[in-house]
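Start from the sequences and build out the full structure, keeping to the hints where you can.
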Amino acid sequence: MHLAALDWGFIFEQTFAQAVALNAAVYAIAAIGLNVHFGYAGLLNFGQVGFVAMGAYGMGLTVTYWGQDNVILAVIVGMLFAAAFALILGVPTLRLRADYLAIVTIVAAEIIRLLARSTALRGITRGAEGLNEFVGPFRDLSPFDPSQTYGFGPWQYRGTQFFSILLGWAVVLLCAVLVWRLMNSPWGRVVKAIKEDEDAVSALGKNAYWYKMQALILGGVIGGFAGMVLAIGNATVQPDFFVAPLTFFFWLVLILGGVGKVWSPIVGAVLYWGLITFIRNLGRGLVDEGIIPTSVMDTSQVDQIQFWVVGISLALLMIFRPQGIFGSKEEMALDAR
Amino acid sequence: MPDSVIPSQELQGVALASTPHEVGVAKPDPILEVNHMRRTFGGLIAVDVEHLEIQRGVITGLIGPNGAGKTTFFNLLSGFDKPDTGKTKFNGTPIDGRSPHNLARLGMVRTFQLTKSLTKLSVMENMKLGAKGQGGETFWKALIPPLWKGEERAIEKRALGLLERFKLDHMKDEYAGTLSGGQRKLLEMARALMAEPDIIMLDEPMAGVNPALTQSLLGHVKDLRDQGISIVFVEHDMDVVRDISDWVVVMSEGQIIAEGPHRTITANQKVIDAYLGSHHDAPLSIEEEEKFMAEDEELWDEELEEIADVLHEIDEEKHHRNE
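The listed protein sequences derive, respectively, from chains A and B. Here my numbering is used: position 123 in the first sequence is 123, and no number is missing along the way. For my numbering, add 1000 to where a residue sits in the second sequence, where the first one is 1.
To be clear, the hints were calculated from the coordinates, so they are not data collected in a lab. On a predicted model such as this, the values are computed, not experimentally measured, just so you know. Don't take each hint at face value.
[What the hints assert, rightly or not] List of simulated lysine-lysine pairs, PhoX-like, C-alpha gap at most 20 Å: (1) B:1120 <-> A:329; (2) B:1157 <-> B:1167; (3) B:1318 <-> A:329; (4) B:1270 <-> B:1172; (5) B:1120 <-> B:1318; (6) B:1270 <-> B:1291.
Here's what the structure looks like:
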């Protein structure tokens, strides 16, 4: 009964594989959007999963019903869906205090999910089964042979999977560069200033409301991209994937990396998925080898433990490094003044 | 102040020399004109101004005891609060119902009682934010740096000039949050100037500023006037009011009770009553006098302690930075 008996090779292989898999890319994109909202503009969005759903449905519905082969149109409609969602949420709330947006977003995201799976819209959204026949034109774009395996080291994927992962990380990179460019421009300066003090910005002749709206739309559309990548990777859009807790995992990813820094959501997503996978596989290994007796825990319970560990890690992070991995301590200290 | 000495500001206030010292009097060249402005909070009438004109190119001090409605009046003028009734004209154009950013663009820029330095932006970024009409602040243009780099350089140059004037240029790359209270006041004023205002409204510009800095701040305010910017400021410190205002407006319980140059104001019975209560000139007993003196001493001690605290903080900060 010792640790050497564990299949460490397998555990680490899984960890590394999951750390850069499709889910990590999707989480990274969604967290980049959230970073625009919260990290830069100070908007409390607790419904990012709603934007993800809007992007996925916008794209999926377009291919399913409208332009079978117009991939670009589908992506644009996905973006418009997310932008429209941002407008609906922003118009009534952005003139009010920050908490109103928080309340509205958390509910609105759930409304989207319930609408998508409702019987009333069954004819369009196909209810709980979701959309499953839209991925063709996207897969056609893949230069990789579906029957081949691609990659190196621990990262080995079938052609279609490889394509969607590459696509995912390409979108991550694109979004990160976009956010970096914007936040280092005068536009970003206004947005960052609004997070600090809206009145000061208004008093200098900037329309704070309009800038907040732009930031909400930008972060929302980026969230929409996360949904599109997810939909292409999984070849399906199902309403019950877009549950409220997902938003909080995006938040976790963002806080893990450090709020308000361009690269932090990406590192946060990789770490999150690496950590989760490592704990799960380690736990299973320990149970299988009998190091943890089944009287304490069995394999099926390991999946619950992984979230405990993530929660505890986050609590520890908040205590010992509240600025996240990339955040700056000096900046945090300014709050205390 | 002996009458034979003409204080410098009276020369500046020459435009108002023949203006009668009465409430609601018409000024020769008003930049701001307020009519029937009223703002109530429930049953409380916070502001009730029948008519007020603010002269262009001079320093107008707005004073009054606590709760007189000065800040509310400021908020109403600058669009941060909406009056129940009232007509306001700025440079001859009605500005009723306009939003704060709209008014700022028209040339009416204000500062706040509690400084609003954007602590997590650098001093320079704070300044650059003040500049109006920046192309780079448009989403699409922001994506293409060549469209705004030139403009940004020009703004930076102007900002640097202002920072030098306000002796903040050595701090330009620091977070604004690391500035002292007085420096933040300076920064806020400098930032407001970046917006090239016609009128600048300062809400208690000297509050919390140490006496050494007060003098230089006052100098800056006078400089602004000499450049042709109209200034309205709220202030509690009567020395400051005497030193810089060309015209003083006194508010009490939401209404304007007196107007005129400083020396006529201090002699005005209504003003004295508003500040001190109508029974203030009853003779003091010895006990009362002793009590007041003890209070004064206490205030002194508190102030000394505060200064010691600030020095300590600075020390600590230095120590912290050296680490």
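Does the alpha-carbon distance linking residue 1270 (chain B) and residue 1291 (chain B) stay inside the 20 Å limit?
Measuring from Cα to Cα gives roughly 27 Å; hence the hint is violated.
Between residue 1318 (chain B) and residue 329 (chain A), is the straight-line Cα distance small enough, at 20 Å or below?
Holds: residue 1318 (chain B) and residue 329 (chain A) sit about 16 Å apart, inside 20 Å.
Against the 20 Å threshold, does the CA-CA distance of residue 1157 (chain B) and residue 1167 (chain B) hold or violate the hint?
Holds. Residue 1157 (chain B) to residue 1167 (chain B) sits at ~15 Å (cutoff 20 Å).
Would you mind confirming whether the straight-line C-alpha gap from residue 1120 (chain B) to residue 329 (chain A) stays at or under 20 Å?
Roughly 12 Å separates the two Cα atoms, so the pair holds.
Next pair to validate is residue 1120 (chain B) with residue 1318 (chain B); report whether the Cα-Cα distance is within 20 Å.
With Cα atoms ~19 Å apart, residue 1120 (chain B) and residue 1318 (chain B) stay inside 20 Å; holds.
Within a Cα-Cα threshold of 20 Å, do residue 1270 (chain B) and residue 1172 (chain B) meet the stated pairing?
violated (47 Å)
Comparing the model with each numbered hint stated earlier shows that hints 4 and 6 do not hold.
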